[in-house]
Amino acid sequence: MSKLLIIDDEEGIRKVLSISLASDGYDVLTASTGEEGIEVFKKEMPSIVLTDIKMPGMDGITALKQIKEINPNAEVIMITGHGDMDSAIETLKLDASDFLNKPIKDDALFVALKRARERIDIRTKLKAYTDDLENMVRVATEEVKRRSEFQDKLITSSNDGIVATDENGVIVIYNYGAQKIFGYRRNEIIRKTNIEKILPANLASEFIDGLNNEASANFSEWREISIVDKNGKLVPTRFSGSILTENSGIIGSVGFFRDLRELKRLQEELIKSERLAATGQTVAGLAHYIKNILNGLKGGTYVLNVALDKNNTDKVKNGWSMIERNVRRISDLVLDLLTYSKERNPEAEACFPNQIVEEVCSLMEPRAREHDIEIRKHLDSLVGEVYIDPKSIHRSMLNLVSNAIDACIFDSSPKKQWRVDVYTELQKDHTIKFKVKDNGMGMDKDTKARLFSRLFSTKGENGTGLGLLVTDKIVKESEGILKVDSELGKGTTFTMYLPYKILSGEGISQKKQITLSTMF
Amino acid sequence: MAKRVLNVEDDPDIRTFVSTVLEENGYTPIMAKDGEEGIKKVREEKPDLIILDILMPKQSGIKMYHDLKTDDSLKSIPVVMLSGVSRRTFLRSQAALTEFGDETVPEPQAYLEKPVEPEDLAETLKKILG
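Residue numbers (the working numbering), protein chains in the order written: chain D, 1 to 520; chain B, 1001 to 1130.
It should be emphasised that the hints constitute simulated quantities derived from the structure, not laboratory data.
All of these numbers come straight from a predicted model, not from anything done at the bench.
Here a beta-carbon is modelled for each residue, glycine too, at the ideal position from N, C-alpha and C.
There's no promise every hint is true.
Unchecked claim - Derived contacts from chain D toward chain B, CB cut-off under 7 Å, selection only:
1. A201
2. S205
3. I293
4. G296
5. Y302
6. V303
7. N318
8. M322
9. I323
10. F410
11. S412
Said to hold, decoys possible - With beta-carbon atoms standing in for the labels, derived distance ranges:
12. B:E1123 with D:K415: 35 to 45 Å
13. D:L270 with B:K1127: 33 to 43 Å
14. D:I330 with B:T1104: 37 to 47 Å
15. B:R1088 with D:A287: 37 to 47 Å
16. B:T1089 with D:S240: 55 to 65 Å
17. D:R369 with B:I1128: 27 to 37 Å
18. B:T1089 with D:R261: 42 to 52 Å
19. D:K310 with B:T1089: 31 to 41 Å
All chains should be built: construct the whole structure from the sequences, respecting the hints.
Next up, the structure:
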């Protein structure tokens, strides 16, 4: 039952209205002054108030204002006397629901109350609707939030770097994976940086082109891309990306970057451990080879002893050269083993590559001459003093020339003039080409295929299978290229390209510094 | 007259060593550095004994031994094998040649495995050549 408050200073009106409204089913409250009315209103919170305008003390307008402050939804119907019309209209501006002229007619009262009740009813329903709507919106918002958080988490927790931009190329998503790859912190990047800042130029321009015209972007295939991170370090990654569209308009772009550093490190470790394993497996083969060297040394000692007893100078020379040769064989072997089993960075210094090649040729000359093999040098005079690792050249050329001589020795074709041609040639791109060409036995497909596999030797006890492995490793460490071309019965050509640095005036002083620093 | 001994050997160190041992024990050394040169020298020089290596470029000792022992004019020359290859392996290789239809050949007079001590080589030669 709805409560109704009547505020009127005239007792007669209060009584008449109370009786008629109570019979209509209202729970009627009365007050004789504005002040009393406010007190009752605060206490009982009626939904409808009927108040006289003209009252001693607080008038009806003031009461209306206060009631509306307490409860803006209260329906306040003003009771006006004759000549109060201006005030009555003013009360409407103050959000009174209606007004009734005195003397109050029942039908007018009935209509006013009916309207008031309808408004209350509508307001209640509206509130219910609004509440319901708010609830629905809240549920929907939560769902959207939950989904977006889920996606956020998905993006942030991805190990892969995810970088997304808006349609202008400004980065809006940049997860921790991306932070690990690019080195920039999330708060330096998100909404502050353009994609061009963190990507290599060619990839950045693909993104920009793609954002301008989706058709021009071709991102979807995974490919390897090196990123330069904040500290200038190269980070190998696998990349794939796409231009994002909505209703056929471009809204942004996204790139996925998979960090390959760990993978590369594992690969390198695997190669390293394989190499160590190979060294272990070589031991058996090596034992034979070393035994031969020891026999050579022992034989040399025997020959030397005999020669000394007999005072035979020629024999002394023979014995001594046996010892020398075998000492060199074993020191070459040890060097090969060390080079092969250890990580080594080429140490560039100023040197003359042609000179090194000359040295190698003269070292191999006696062995070649013994088997009637001619070593011919074709050295490019344009190859001057450059900055390169002399040990790498020496080691690899020694192996290649020695192999070429062996290829001639083992050639079973009828007597021919065996030749080993050694070339150097200056290349355009700061590279020197070294070529060793022989007209010896050559290789069949099978031999060529096994050329760089561990321990493979065609020379029986006279080979360890290490030589080419070492050469291959040296060339790789120098970031060079090693090529082989061979035909069975025709001969073999090994071509090695090694990069060098030009020796400027600065370079020479740098060399002195390096020499100094290596001295201390 | 000093007995003449042919050493067929690709390793120059072992050639120097063997020739010194031969001279020390009163033999005349003749040298060849592979099987091809070896068989030529055998025909030219008709040595009293052959010291033969097995693993050599061009023509191996396996083939040369077989050629020597199947040639009526040469089969009587005693052969001492001196190799890093074991005796068993060598004999198996000769048996394999036989299986391919070649004549059966007798075993070598002596089989020395590398490394050989100068005294052992000298003693072996003395036993055969007297």
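Hint check results:
| no. | hint | verdict |
| --- | --- | --- |
| 1 | A201 | 57 Å, violated |
| 2 | S205 | 60 Å, violated |
| 3 | I293 | 9 Å, violated |
| 4 | G296 | 4 Å, holds |
| 5 | Y302 | 6 Å, holds |
| 6 | V303 | 5 Å, holds |
| 7 | N318 | 5 Å, holds |
| 8 | M322 | 5 Å, holds |
| 9 | I323 | 9 Å, violated |
| 10 | F410 | 4 Å, holds |
| 11 | S412 | 5 Å, holds |
| 12 | B:E1123 with D:K415: 35 to 45 Å | 38 Å, holds |
| 13 | D:L270 with B:K1127: 33 to 43 Å | 57 Å, violated |
| 14 | D:I330 with B:T1104: 37 to 47 Å | 42 Å, holds |
| 15 | B:R1088 with D:A287: 37 to 47 Å | 19 Å, violated |
| 16 | B:T1089 with D:S240: 55 to 65 Å | 59 Å, holds |
| 17 | D:R369 with B:I1128: 27 to 37 Å | 35 Å, holds |
| 18 | B:T1089 with D:R261: 42 to 52 Å | 51 Å, holds |
| 19 | D:K310 with B:T1089: 31 to 41 Å | 38 Å, holds |
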